[in-house]
Amino acid sequence: MERPPNRTAVTSEVDLESLERSLRRPRTLLSFTLSALTGLATFAALFPLFSVLYMLAKQGLAGLSLATLSELPPAAMAPGGGIGNAIVGTFVVVAIASVISVPLGILAAIYIVEFGPETRIAAAVRFAAKVLTGLPSILAGVFAFAVVVATTGEFSAPAGGVALALLMVPTVLLTAEEAIKRVPARMREAAIGMGATPTQVVTQVIVPTGAPAILTGVMLAVARAAGETAPLLFTALFSNYWMSTTHPLFLPKTMSDLMRPTASLAVLIYNFSGSPFDNQIALAWTAALVLVVIVLVFNVIGQSLAGRSSD
Amino acid sequence: MGPSPATANGHAFGAHEQMPDGTLIDCNINELHYGRFKAVRDVSLKVRKGTITAFIGPSGCGKSTVLRCLNRMNDLVRGFRLRGHVIFRGQDIYASKIDPVAVRRHIGMVFQQPNPFAMSIFRNVAFGLRLNRYKGSTQEKVESALKQAALWDEVKDKLRSSALALSGGQQQRLCIARAVATEPAVLLMDEPCSALDPIATRRIEELMLELKKKYTIAIVTHNLQQAKRLADTTAFLYVDTSAGGRTGYMVEYGPTNEIFDNPREEHTKQYIRGEFS
Amino acid sequence: MTPARAEAVREIFRPGGPADERTLLSTGSDISQAPSAGEVAADRFFRAATMAVAWFTVFLVFWVVLSIGRQALPSLRTYGVAFLTDTVWDANRNAFGILPAIVGTLYSSILGLVIGTIFGLAIAIFLSEKFLATGLDACLAFLGLADNAWFASLPSRLENLLRITIELLAAIPSVVYGLWGIFIVIPIIRPPANWLHAHLGWIPFFGTSLSGPGLLPASIVLAIMVLPTISAISRDALVAVPPKLREAAFGMGATRWEAILAIFLPTAATGIFGAVILGFGRALGETMALAMLAGNANVISWSLFSPANTLAALLANHFPEAGKPEVAALMYAALVLLAITLIVNIVGTLILQRAEAGLKGLR
Numbered sequence: 001m002e003r004p005p006n007r008t009a010v011t012s013e014v015d016l017e018s019l020e021r022s023l024r025r026p027r028t029l030l031s032f033t034l035s036a037l038t039g040l041a042t043f044a045a046l047f048p049l050f051s052v053l054y055m056l057a058k059q060g061l062a063g064l065s066l067a068t069l070s071e072l073p074p075a076a077m078a079p080g081g082g083i084g085n086a087i088v089g090t091f092v093v094v095a096i097a098s099v100i101s102v103p104l105g106i107l108a109a110i111y112i113v114e115f116g117p118e119t120r121i122a123a124a125v126r127f128a129a130k131v132l133t134g135l136p137s138i139l140a141g142v143f144a145f146a147v148v149v150a151t152t153g154e155f156s157a158p159a160g161g162v163a164l165a166l167l168m169v170p171t172v173l174l175t176a177e178e179a180i181k182r183v184p185a186r187m188r189e190a191a192i193g194m195g196a197t198p199t200q201v202v203t204q205v206i207v208p209t210g211a212p213a214i215l216t217g218v219m220l221a222v223a224r225a226a227g228e229t230a231p232l233l234f235t236a237l238f239s240n241y242w243m244s245t246t247h248p249l250f251l252p253k254t255m256s257d258l259m260r261p262t263a264s265l266a267v268l269i270y271n272f273s274g275s276p277f278d279n280q281i282a283l284a285w286t287a288a289l290v291l292v293v294i295v296l297v298f299n300v301i302g303q304s305l306a307g308r309s310s311d
Numbered sequence: 001m002g003p004s005p006a007t008a009n010g011h012a013f014g015a016h017e018q019m020p021d022g023t024l025i026d027c028n029i030n031e032l033h034y035g036r037f038k039a040v041r042d043v044s045l046k047v048r049k050g051t052i053t054a055f056i057g058p059s060g061c062g063k064s065t066v067l068r069c070l071n072r073m074n075d076l077v078r079g080f081r082l083r084g085h086v087i088f089r090g091q092d093i094y095a096s097k098i099d100p101v102a103v104r105r106h107i108g109m110v111f112q113q114p115n116p117f118a119m120s121i122f123r124n125v126a127f128g129l130r131l132n133r134y135k136g137s138t139q140e141k142v143e144s145a146l147k148q149a150a151l152w153d154e155v156k157d158k159l160r161s162s163a164l165a166l167s168g169g170q171q172q173r174l175c176i177a178r179a180v181a182t183e184p185a186v187l188l189m190d191e192p193c194s195a196l197d198p199i200a201t202r203r204i205e206e207l208m209l210e211l212k213k214k215y216t217i218a219i220v221t222h223n224l225q226q227a228k229r230l231a232d233t234t235a236f237l238y239v240d241t242s243a244g245g246r247t248g249y250m251v252e253y254g255p256t257n258e259i260f261d262n263p264r265e266e267h268t269k270q271y272i273r274g275e276f277s
Numbered sequence: 001m002t003p004a005r006a007e008a009v010r011e012i013f014r015p016g017g018p019a020d021e022r023t024l025l026s027t028g029s030d031i032s033q034a035p036s037a038g039e040v041a042a043d044r045f046f047r048a049a050t051m052a053v054a055w056f057t058v059f060l061v062f063w064v065v066l067s068i069g070r071q072a073l074p075s076l077r078t079y080g081v082a083f084l085t086d087t088v089w090d091a092n093r094n095a096f097g098i099l100p101a102i103v104g105t106l107y108s109s110i111l112g113l114v115i116g117t118i119f120g121l122a123i124a125i126f127l128s129e130k131f132l133a134t135g136l137d138a139c140l141a142f143l144g145l146a147d148n149a150w151f152a153s154l155p156s157r158l159e160n161l162l163r164i165t166i167e168l169l170a171a172i173p174s175v176v177y178g179l180w181g182i183f184i185v186i187p188i189i190r191p192p193a194n195w196l197h198a199h200l201g202w203i204p205f206f207g208t209s210l211s212g213p214g215l216l217p218a219s220i221v222l223a224i225m226v227l228p229t230i231s232a233i234s235r236d237a238l239v240a241v242p243p244k245l246r247e248a249a250f251g252m253g254a255t256r257w258e259a260i261l262a263i264f265l266p267t268a269a270t271g272i273f274g275a276v277i278l279g280f281g282r283a284l285g286e287t288m289a290l291a292m293l294a295g296n297a298n299v300i301s302w303s304l305f306s307p308a309n310t311l312a313a314l315l316a317n318h319f320p321e322a323g324k325p326e327v328a329a330l331m332y333a334a335l336v337l338l339a340i341t342l343i344v345n346i347v348g349t350l351i352l353q354r355a356e357a358g359l360k361g362l363r
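Protein chains in written order, with our numbering: chain A, 1 to 311; chain B, 1 to 277; chain C, 1 to 363.
It should be emphasised that the hints constitute simulated quantities derived from the structure, not laboratory data. Check the hints yourself; a few may be wrong.
[As the list claims (entries may be wrong)] Okay, the calculated beta carbon distance ranges per label pair:
id	chain 1	residue 1	chain 2	residue 2	range
1	C	Thr-85	A	Thr-246	23 to 33 Å
2	A	Lys-58	C	Thr-85	40 to 50 Å
3	B	Gly-60	C	Ala-6	27 to 37 Å
4	A	Ala-36	C	Gly-80	26 to 36 Å
5	B	Gln-225	C	Ala-262	55 to 65 Å
6	A	Leu-251	C	Trp-195	51 to 61 Å
7	C	Thr-134	A	Arg-25	46 to 56 Å
8	A	Leu-251	C	Ala-198	49 to 59 Å
9	C	Arg-354	A	Ala-36	33 to 43 Å
10	B	Lys-156	C	Arg-354	18 to 28 Å
11	C	Ala-262	A	Glu-118	32 to 42 Å
12	C	Met-252	B	Phe-37	40 to 50 Å
13	A	Pro-103	C	Ala-6	45 to 55 Å
[What the hints assert, rightly or not] Which stretches of chain A does chain C cover? Using the computed rule of at least three CB atoms under 8 Å from a CB of chain C, they are:
id	stretch
14	32 to 38
15	45 to 51
16	128 to 139
17	271 to 284
Where a beta carbon is used, it is the ideal one built from N, C-alpha and C, also for glycine.
Please take these sequences and the hints and turn them into a complete structure.
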């Protein structure tokens, strides 16, 4: 008579202890250590941010006053003085850059989403925008130098504006593209069904609906542009004077006001950071504080617009 | 009065122009293709003034496709080709000299998913009036349109609030108001109730009986009861799989009571009896 | 079409029939109007304008390359390839060479990239795995507060706050980091650096003392500026790992980190690699922090504490005071920088596009 073949049990008794989680087990210990390390790295990365903010507050606030915000830069070791023209200059240059880059970016984005999607030119535009995103800011300055300064013969605010515009266009374009794509297709269909021309569909429905998200992109681009230094070194240079002494806010009134070297917060910080004189170094910190506040405000506005548009 | 403005191509659609038997749209489709796919063949029907014409049939039989031919919405699909004629006010709207944008100004559409714009209720309804450069009182027309859509009482105090905050049924009635604000010659409705709950559906069906007094309506529906209740004329479409593909075609077309009570074709009989839908 | 119908259609289209223009145009008005000639013209114009702008954007890339190239042309002819290998930059003698700058650019960028990638990747993992939120959830459970609505919402809100704060690192302008670097980073690392030089000076990396600006402080600040880019893109790549893979990994009993190291990182590898390349591109082009912290010295040295120079810093430091011959040489340097960064950025973009395409197959 045959005996049934020996069956070795496939499952031995499960060792319940091995199911417990314990730091003594190498796998768990390794996991825990790695988690701790990444946590440390993350919080370590925050340290520079807090250190910068702390220094800005400590060194920058000390020099902050109405006088500093409204006066011209002082000579070495001269008392008083301020960053007034640098603030105006930053505003003017960024405004020029926005006027150039925002329509360019938005119109191009409209084309690649609405009028010519899936064409080769759309893919080319997207690729070009991504390549331009990585363009070193100093080369944008060199470009504007070659194109504007060389032809007009002047270092000027518009030249600076052109350089910054080159840096802003990719951001505006790519975020506008996303914003337009997010507009629900059924709204587009409804507008077409009502007999709107393609342009009317874009201008009366698509762009108004996507406006908050587009604005986010614009705000972020402006924030970045305001902080750029290198491009301005090749284009707007610097100036220790107001653009116009007759305008109540010291804004330029005539073309010749505009077409000369212009101060900016970023270049002021760069120039004064290397100065051996304490009063200028102190102003550099104050200017840095003002600049960071401006940049953060635009960033926050941009982020909050982004939050709202996702409703 | 005075001459109505011409399209860029010099041809106009005048006020409710109709052929002697009251036909506003005379639709004859020989073949309709999306690229190499033959979606629809052999459809011949008329939309008559002041009536509701229903398109019924199982899924995929091309009812929406045919409806969308009437206001050239199919132009948006890549590879769309039509062999046939759709005569609206004496013009073949598929003639090369006709501007589809002009067609859509005269033939309105309400879609399956409510699709109000991201604007206030007022501006949604006023959208068509603005588009057509309406010179009269926009306020009055908006109010009139909202009343026709049976939405006025619910929104009259919040005309400036966002249309997206309305419920699904309200949004669909808003879309109807938006479509009728410009008094289109024909109103196309593509399964307008299928995304709505039964109560909202019922309200819109009542609405349509009122709208029929003023407008000409063509409606696609998969709800046979709805078609029977509302439509004067019905077209029944079915799917032809004989050639290996799925091509829609019109099986039968005529007065609703005949289609439902005394259909001639076998497919129609079976569909009505609910054997497949 | 039946003969009767054909006859009806012919009737419509005959001269004087219902479709005749004069018949139609004389009918009355209603609200619906065809688009006016103005609207149609505006439509055509707008569409053409957007297409023109789109083409211009592509043209812009070529224009940038061409205009910088044209500016550099005279120098290309004057100095030739020797420009790339000479080590002296002296405006007074009209002797220009950018080898130290090229070496400095690569050295500082690679160093900054290595540090930045280590931290950036760690942060990306920390954020994508939501360690903070998970840890806080565990704390809440331990403290018995998990049922409280306000406490329960805290972990995810703090997690979000953490992510936003890391992103803020990228918002600080480069020149401000430079300023901070001069007055905080250099003083802090100077003592340990000089200790290392004094005691381990035989190692090439510690070969010189740190007097002020130098390669290391510049690279540290560079790393801080580059890590948000690497962290953000890597995090996107990790988050894009399909849920199916996550379930499969954990279902097999892997610990969190076994899953991360063996499965998630390899899956996201292409995206992470693209992030690193783009981070490298950013580092190569970064100007101000290096102009202010590297020392503007045309020396080639292995030492981390030696002052150095980069192409971008060279441009920034010399241009404001440069006379015409020096400007011409600087344009040549700009062209070299453009070539390097263009290649790196194009490669990085292509890799990222492949990463996106690759993941689509996994879903």
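Quick rundown of the hints versus the structure:
{"no.": "1", "hint": "Thr-85(C) <-> Thr-246(A): 23 to 33 Å", "in the structure": "violated, 54 Å"}
{"no.": "2", "hint": "Lys-58(A) <-> Thr-85(C): 40 to 50 Å", "in the structure": "holds, 46 Å"}
{"no.": "3", "hint": "Gly-60(B) <-> Ala-6(C): 27 to 37 Å", "in the structure": "holds, 31 Å"}
{"no.": "4", "hint": "Ala-36(A) <-> Gly-80(C): 26 to 36 Å", "in the structure": "violated, 55 Å"}
{"no.": "5", "hint": "Gln-225(B) <-> Ala-262(C): 55 to 65 Å", "in the structure": "holds, 59 Å"}
{"no.": "6", "hint": "Leu-251(A) <-> Trp-195(C): 51 to 61 Å", "in the structure": "holds, 53 Å"}
{"no.": "7", "hint": "Thr-134(C) <-> Arg-25(A): 46 to 56 Å", "in the structure": "violated, 20 Å"}
{"no.": "8", "hint": "Leu-251(A) <-> Ala-198(C): 49 to 59 Å", "in the structure": "holds, 56 Å"}
{"no.": "9", "hint": "Arg-354(C) <-> Ala-36(A): 33 to 43 Å", "in the structure": "holds, 34 Å"}
{"no.": "10", "hint": "Lys-156(B) <-> Arg-354(C): 18 to 28 Å", "in the structure": "violated, 57 Å"}
{"no.": "11", "hint": "Ala-262(C) <-> Glu-118(A): 32 to 42 Å", "in the structure": "holds, 38 Å"}
{"no.": "12", "hint": "Met-252(C) <-> Phe-37(B): 40 to 50 Å", "in the structure": "holds, 44 Å"}
{"no.": "13", "hint": "Pro-103(A) <-> Ala-6(C): 45 to 55 Å", "in the structure": "holds, 54 Å"}
{"no.": "14", "hint": "32 to 38", "in the structure": "holds (count 4)"}
{"no.": "15", "hint": "45 to 51", "in the structure": "holds (count 5)"}
{"no.": "16", "hint": "128 to 139", "in the structure": "holds (count 12)"}
{"no.": "17", "hint": "271 to 284", "in the structure": "holds (count 3)"}
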